[in-house]
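Student: Sequence:
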Amino acid sequence: MLIHAPKAYVPNCKHDIFVSYARVDDEPFAGADKGWVTTLITGLKILLGKKLGSPELFSLWMDHELRGNTPTTPHICKQLETSALFVLILSPAYEVSQWCQFELNTLLAIAGKDSGRIFVVEHDIVEERSPDLSDLLGYKFWVRNEFGQPRILAIPKPNPEEFEYYQKLDDLARQLVEKLKELKQEAQAKLATTPTLPSDYADLIAATTTLTTRLPADEADPTPTITSPPTTTVFLAKVSENLEKHRQEVKGYLEQQGVRILPTKEYAFATLQQSLDQDLKECQLFVQLLNDNSGGFINYPLFQYQRAQAASLPILQWRDPRLNLTTVTDSVQRTLLEASTVMAVHLFEFQTYIIKYLTPAPVEIPKPTTAGDILVFINAAPEDMTLAHRIKDILDAHGIGYSLPLEISTSTKAAEIRNYLEQNLLYCDSIIVLYDNTSAVWVNEQLLYCRRMQRLRDQPLKIIAVYSTPSPNKPPLNIKLPNMQILNCPATQVESCLPLFLQSL
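Each residue of the sequence shown is one higher than the last, beginning at 1 in the UniProt record's numbering.
Derived from the structure by calculation, the hints contain no laboratory data. Mixed in with the good hints, there may be bad ones.
Under the rule of at most 16 Å between Cα atoms (straight-line distance), these lysine to aspartate or glutamate pairs were calculated in the EDC-like manner [said to hold, decoys possible]:
no.	residue 1	residue 2
1	140	124
2	140	162
3	140	164
4	265	277
5	251	349
Using the sequences and the hints given, assemble the complete structure.
Tutor: Written out as structure tokens, the structure is:
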């Protein structure tokens, strides 16, 4: 069963609220017919409906069935990507759950911890929060008794006299509603400024006759020198209505990085080309999102693209990797989509690439690379350490440095585990993740962590490899990073399989 409403309150979102929680926290206690999380969310929905005016005015998504043995990462990611806000039920179980950490990594990659879109509900006291959550205000649904011991509210179920529970629930609902209204106003304001093509195309048609012309050499602006993101201006091309949500997402991401975005206003029809060219002169990069929609009778995406070419601007373009170009009937639009400047990747990956492109590379003195300069992180779950040590021995025999996972004991703290993992992902040259006896969920989580840490590295990981041993009942991985190798080999044949990985180092 999915808890949801038919339509979201925030425009361009499928869901207003996504609930992330550990299944064990929703197991019903004796004397209660529903779990703690389900009871909380049911009460929250009632308050949201009252504060917004109707329970039909918002959509809340909570997963009740997708926690079994079969991974459903694409489905969960889809719900995450189309949600406005995130309610995270934090508990010790959440901190150690592979599913929950996978969801946390995904929603942080989508929203960012400083976006104000993540609301933390503390189901129980957590001694050491994840660093990504340390700065977020939590709604504590636990109190300390007269002996200083923590006590979870509403156990086994809410008590009408337990006013702390209902007060905290009302505070959470009020803050969620305020943020939803803020996001709705922002979305409506952006939609109101979306340009529309005029009904009279005469002047625009005349302008398109000069689309293929180039500025004379003595009038063309020199290729701009990009300094740093805070002083960089990017022209983010206007898009068709069905891409506007993606454009606003890219715009918000770049502005958070200190990038100035043009255009800031709608162009007057009479001076369309003149105004567009003037804005392009102020920019150091042209960014455009594309799909199979050419924009009607006048191909406005092509018009903007060719004006950027005329201004000699660097160009980065994006399209959905799921778009089948053979189905695009417009030959001009298909040619535009097939250009070498078009990246067919996930939108978030495209956004981070823009920032990477705009950031000047540090000047380094070249030095020869030898096997002794290479460090490989062998990331393995405890149940796969036998295979990890076999790979370690082979790397050692080739003179290649290695790092093994931290040995975990009962005294090892969660913060120590995270810090060790992050240090390895920051300073190793390549990584090999082992998928032998562990779960696909764990491997997917490690790969997402690699992606998050890439943005903090001076240089990207050279190779991300997954050593997957074949098994008829093993579920497939639900993620494929751009520079990822899959080594499908039995554990008994590691000596013959690993050379392929070594050649790539």
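Student: Look at each hint and say if it fits the structure.
Tutor: Comparing the hints with the structure gives:
As the CA atoms of residue 140 and residue 124 are separated by approximately 8 Å, the hinted pair is consistent with the 16 Å bound. Only pairs whose Cα atoms come within 16 Å are accepted, and residue 140 paired with residue 162 is accepted, the gap being roughly 14 Å. Using a Cα cut-off of 16 Å, the hinted pair residue 140 and residue 164 holds, with the two alpha carbons roughly 10 Å apart. As the CA atoms of residue 265 and residue 277 are separated by approximately 14 Å, the hinted pair is consistent with the 16 Å bound.
Note on residue 251 and residue 349: the hinted pairing holds, with a Cα-Cα distance of about 14 Å set against a maximum of 16 Å.
Hint check: no violations occur; every hint is consistent with the structure.
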